[in-house]
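Sequence lines, in order, name chains L and C. So the first sequence is numbered by the UniProt record's numbering: it starts at 1 and just counts up by one. So the second sequence is numbered by the UniProt record's numbering: it starts at 1 and just counts up by one.
Derived by calculation from the structure, the hints in this document are not laboratory data. Be aware that a few hints might be false.
Same chains, same names: a pair is fine if it fits in one copy or spans any two.
20 Å max Cα-Cα, derived SDA-like pairs, lysine to any residue [as the list claims (entries may be wrong)]:
| id | residue 1 | residue 2 |
| --- | --- | --- |
| 1 | Lys313 | Val18 |
| 2 | Lys166 | Tyr232 |
| 3 | Lys306 | Thr290 |
| 4 | Lys20 | Lys87 |
| 5 | Lys352 | Glu218 |
| 6 | Lys306 | Gly293 |
| 7 | Lys60 | Thr357 |
| 8 | Lys166 | Ala231 |
| 9 | Lys292 | His307 |
| 10 | Lys306 | Arg270 |
| 11 | Lys60 | Leu101 |
| 12 | Lys306 | Asp291 |
| 13 | Lys72 | Arg329 |
| 14 | Lys306 | Thr265 |
| 15 | Lys166 | Asn355 |
| 16 | Lys72 | Phe37 |
| 17 | Lys67 | Gly156 |
| 18 | Lys306 | Gly262 |
| 19 | Lys166 | Leu178 |
| 20 | Lys306 | Arg177 |
| 21 | Lys306 | Glu21 |
| 22 | Lys352 | Glu277 |
| 23 | Lys67 | Arg177 |
| 24 | Lys306 | Gly294 |
| 25 | Lys306 | Trp266 |
| 26 | Lys51 | Arg270 |
| 27 | Lys166 | His229 |
| 28 | Lys72 | Gly34 |
Please read these numbers as outputs of a predicted model, since none were measured by experiment.
Given next are the chains, with one letter for each unit.
Protein chains: 2
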Amino acid sequence: MNKADGMNYAPKGKPNPVVKEGEFVFAAVGLDHGHIFGQCNGLLEAGATLKWVYDPDQAKVDGFIEKFPQAKQAESLEQVLEDEEVKLVAAAAIPSERSALGNKVMRAGKDYFTDKTPFTTIAQLEESKKVVEETGQKYMVYFSERLHVESAIFAGQLINEGAIGKVIQVTGFGPHRLNAPSRPNWFFEKEKYGGILCDIGSHQIEQFLFYTNSKEAEVLHSKIGNYGHPAYPELDDYGDATLKGENGATQFFRVDWFTPDGLSTWGDGRTFIVGTEGTIEIRKYVDLATDKGGNQLYLVNQEGEKHFDLTGKVGFPFFGDLILDCINRTENAMTQRHAFKAAELCLQAQDKALNVTQ
Amino acid sequence: MNKADGMNYAPKGKPNPVVKEGEFVFAAVGLDHGHIFGQCNGLLEAGATLKWVYDPDQAKVDGFIEKFPQAKQAESLEQVLEDEEVKLVAAAAIPSERSALGNKVMRAGKDYFTDKTPFTTIAQLEESKKVVEETGQKYMVYFSERLHVESAIFAGQLINEGAIGKVIQVTGFGPHRLNAPSRPNWFFEKEKYGGILCDIGSHQIEQFLFYTNSKEAEVLHSKIGNYGHPAYPELDDYGDATLKGENGATQFFRVDWFTPDGLSTWGDGRTFIVGTEGTIEIRKYVDLATDKGGNQLYLVNQEGEKHFDLTGKVGFPFFGDLILDCINRTENAMTQRHAFKAAELCLQAQDKALNVTQ
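Start from the sequences, fold in the hints, and give me the full structure.
Written out as structure tokens, the structure is:
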């Protein structure tokens with residue numbers, strides 16, 4: 001596509017399932033975060049077959065089977081891990097337990113697909129890196145704020161097609177609604193959730209690495225704070241960071257738990273990408289004070305200002321690619337290095353953060 | 001206004017002129033930057049009387065008189081400074097010369113109203129601080145990206161009325177169109193324009209201090225770069241910074257010269273303000289891919305998402321307040337401390353900036 005076609009960029013349509021029923025079997029375990037539903041939906045839509053569900057909490061299993069009645073309840077994690085038919089285990093455990101669970105899964109000869117954030121300490125990251133090396137299995141991460149957002153996927157396609165030139169800066173806003181009464185205790189314990197930059201900040205850093213095609217990056221500055229939630233002293237209700245990739249592109253992101261009560265969705269997530277020849281803005285979940293819904297993308301380049309309404313038009317190629325990667329031992333969905341680098345950087349950002357409210 | 005009235009926030013209407021013809025006389029000198037037209041327009045609309053114009057470049061004077069035929073051409077700066085009728089001198093000199101010019105003006109017993117950025121070195125700032133103290137005159141600054149933007153003024157009014165609770169974070173984007181052939185040589189010489197954070201970054205820092213009501217702040221991190229303009233090695237075509245105010249609120253801003261050719265205006269300037277109970281987004285000059293024009297403000301708080309179209313509905317109270325401040329020796333338009341603090345911080349941000357493209 002050459003430059004003169006700038007205004008003709010268009011979504012390519014939703015991907016089809018990549019396997020037939022029974023060709024790729026997975027299980028769901030560790031139902032602590034609701035993201036497990038998104039993880040399973042993505043895999044199922046791409047053709048995977050859900051065989052087992054396991055969690056020590058029967059209520060969580062019941063809720064899961066209500067949504068996915070095809071899943072059989074396993075009696076133990078071991079029963080899942082011993083089933084040779086199972087190729088991938090999807091999980092959304094408490095963040096501090098994700099690494100240990102993944103190590104078990106990989107040592108049982110299966111790939112692992114965890115909710116973000118993948119780790120809460122560098123020691124966990126190092127241990128799982130070792131297990132990946134030893135076993136040759138995958139430790140893949142559900143960075144939902146890109147992988148499961150059609151406008152975010154389309155932004156990547158636009159960049160690849162050269163629609164905005166070379167990317168020089170990415171700014172991300174990741175505000176979330178707290179809804180404290182709905183949250184489990186671990187959500188407010190820093191040892192378990194890892195801190196805001198480690199947790200929801202991991203989405204942002206993954207997006208930066210992806211959109212700038214950076215293999216290495218450096219955290220230049222970061223901060224955290226608790227501005228409005230003294231009842232939860234270990235909650236960071238605010239965090240931000242700025243990073244530099246090895247090619248000179250930089251990032252700023254902020255994440256917070258201050259979504260206003262009156263917002264029509266859980267958060268006004270945005271991504272702004274500045275290139276040498278254009279800009280992209282993604283209004284991921286809402287386009288304020290309109291009834292457009294989410295997945296609104298605004299492209300500006302030499303051709304003008306263009307708006308794309310992308311819900312239902314792009315799909316989520318990650319999941320089919322992941323299934324094929326597991327089958328073919330390729331890395332088209334996401335490289336292991338990329339997942340681990342995003343994890344490492346979010347831990348570093350959290351670790352070096354200035355606490356601005358202390 | 002109590003919280004239940006949240007959705008009833010409304011602009012108060014445009015201010016009226018504060019003086020009659022001849023009651024407050026000013027002159028325009030130093031026509032190097034086109035902002036002088038905005039400075040004069042603002043003062044004239046507020047009732048001031050424009051008596052003189054002076055610049056050594058006759059072409060600039062001719063262009064000025066075409067727009068403001070009431071201005072008489074002075075033969076020298078001294079002629080302006082010796083006229084006791086003149087109470088205020090507006091100027092948009094080359095940035096590195098603004099301080100010296102202002103010192104002359106103040107020593108002649110007149111107030112000074114300069115285009116931003118007010119200084120390019122800390123030594124200039126210190127010198128002009130001294131002259132302000134010695135003379136009791138004002139060194140006021142045209143931070144146009146707030147003072148002359150109705151949606152930005154309205155944002156301040158919303159914050160004062162408590163529409164979003166306590167402000168905890170301000171993010172600003174200040175992209176500008178370069179249009180290099182239209183720029184004078186000094187624009188590309190760092191000694192003269194001061195660097196991007198010193199120059200267009202000063203707008204951003206002024207807004208942060210204003211919206212967070214900060215009297216002191218600290219530059220935590222800043223960066224500059226030249227990503228795409230090797231022909232102008234002293235041009236910073238990118239800059240960003242993050243600051244913390246004395247009350248714990250923080251800022252991130254980025255400024256750049258990468259406005260895409262196809263944008264319908266010179267820059268997609270934005271301000272995002274996060275409060276403990278709501279958020280404000282200002283789309284200052286364009287609301288992408290719509291025909292709404294600039295001055296679109298989006299307020300989200302406990303009452304819902306609300307859109308305000310503000311062109312022609314708020315006016316620019318700064319100018320009338322400035323005239324009255326000059327007459328009454330008050331500080332309602334802007335305190336001297338605020339103007340100097342914004343100046344100091346933008347110089348610090350520039351000084352400590354990491355060059356990410358070297």
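Which numbered hints fail
7, 13, 17, 21, 22, 23 and 26
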